[in-house]
Amino acid sequence: MKPHLICLDLDGTLLRTDKTISKRTEAVIQALKEKGHLIMIATGRPYRVSKEYYRQLRLETPIVNFNGAYVHHPDDPGWGVYHTPIPLPVVENILRTCEAFHLQNIIVEHMDDVYIKNHDAELTESFKVNVGQLQIGPIFENLKTDPTCVLIQTENSETERLLKALDTQYTDAVHQRSWGNPSNMIEIIRNGVNKAVGIKRVAEYYHIPRERIIAFGDEDNDLEMLAYAGRGIAMGNAAERIKQAADDVTLTNDEDGIAAYLERLL
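Take the sequence shown: its position 225, counted from the start at 1, is 225 in my numbering, and no numbers get skipped.
Hints may be right or wrong, so weigh each one.
Said to hold, decoys possible - Each computed DSS-like pair below joins lysine-lysine, with the alpha-carbon atoms no more than 30 Å apart:
| hint | residue 1 | residue 2 |
| --- | --- | --- |
| 1 | Lys128 | Lys19 |
| 2 | Lys51 | Lys164 |
| 3 | Lys19 | Lys51 |
| 4 | Lys2 | Lys33 |
| 5 | Lys51 | Lys2 |
| 6 | Lys164 | Lys144 |
| 7 | Lys2 | Lys144 |
| 8 | Lys243 | Lys200 |
None of these hints come from the bench; they were simulated from the model.
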């Protein structure tokens, strides 16, 4: 069988609810690697909080982070580093727009550096893992370079109104998605950036055609990836709109949905 490129989202897909990879799924992935198939991670997470899973699976492929805004090969700098940040002036304008809304917090990330506007012990703790520098306070007193992404934590009642304002004013510059409850985060990345862009770059490097790409996901940030792949597979725990957009649906992340599907297919 010709090699396939198998693309795995992390949260809600490869990872179970307890944020671990099941032994069965890990064994299936290793068996497929031995057969010559290529396994890669495509996640909205930064590399600093996805590399433990990359290492656990002993991957040797590039990784897509920040939903496609950062694509690189952890063990081969010569492969290239593709970072697509948001221009700093655009971020300044966005944050000015946000001043008219009731916000809980603003988090700006540049690669492994994190800037948090308001002190929040629980939130700060969640961003501490493998962080480069972590600064708390007025964003533009600290941020001096184009950021990779912006996270806006809103009041629940303000989320849709802010999303509409951002989509109206900055539709050509950035793309935003809501994480929804319970975090009520709006994630903003540069327009035209998504997981499919990163996967396409990797597939072309390995000369894998789209019909031999299999992608698994469960959320809105996986839609472009599922559409690009020859087989876009929604997890059983995915939202109904994701299932409708996918080519097929497997079991949930807690039922080894990835392993079950790949055992049957490959």
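Each hint tested on the structure:
Taking the CA atoms of Lys128 and Lys19, the gap is about 17 Å. The hint holds against a cut of 30 Å. As the CA atoms of Lys51 and Lys164 are separated by approximately 34 Å, the hinted pair breaks the 30 Å bound. About 13 Å separates the Cα atoms of Lys19 and Lys51, which keeps this hinted pair within 30 Å; it holds. Our distance criterion of 30 Å between C-alpha atoms is met by Lys2 and Lys33, whose separation comes to about 12 Å.
For a cut-off of 30 Å, the pair hint linking Lys51 to Lys2 stands: about 28 Å separates their Cα positions. Restraint check for Lys164 and Lys144: the C-alpha separation of about 28 Å stays at or below 30 Å, so the hint holds. In summary, the hint linking Lys2 to Lys144 is not supported, as the alpha carbons are separated by about 47 Å, beyond the 30 Å threshold. Distance check on the hinted pair: Lys243 and Lys200 sit about 22 Å apart at the alpha-carbon level, within 30 Å; holds.
Checked against the numbered hints above, the structure breaks hints 2 and 7 and satisfies the rest.
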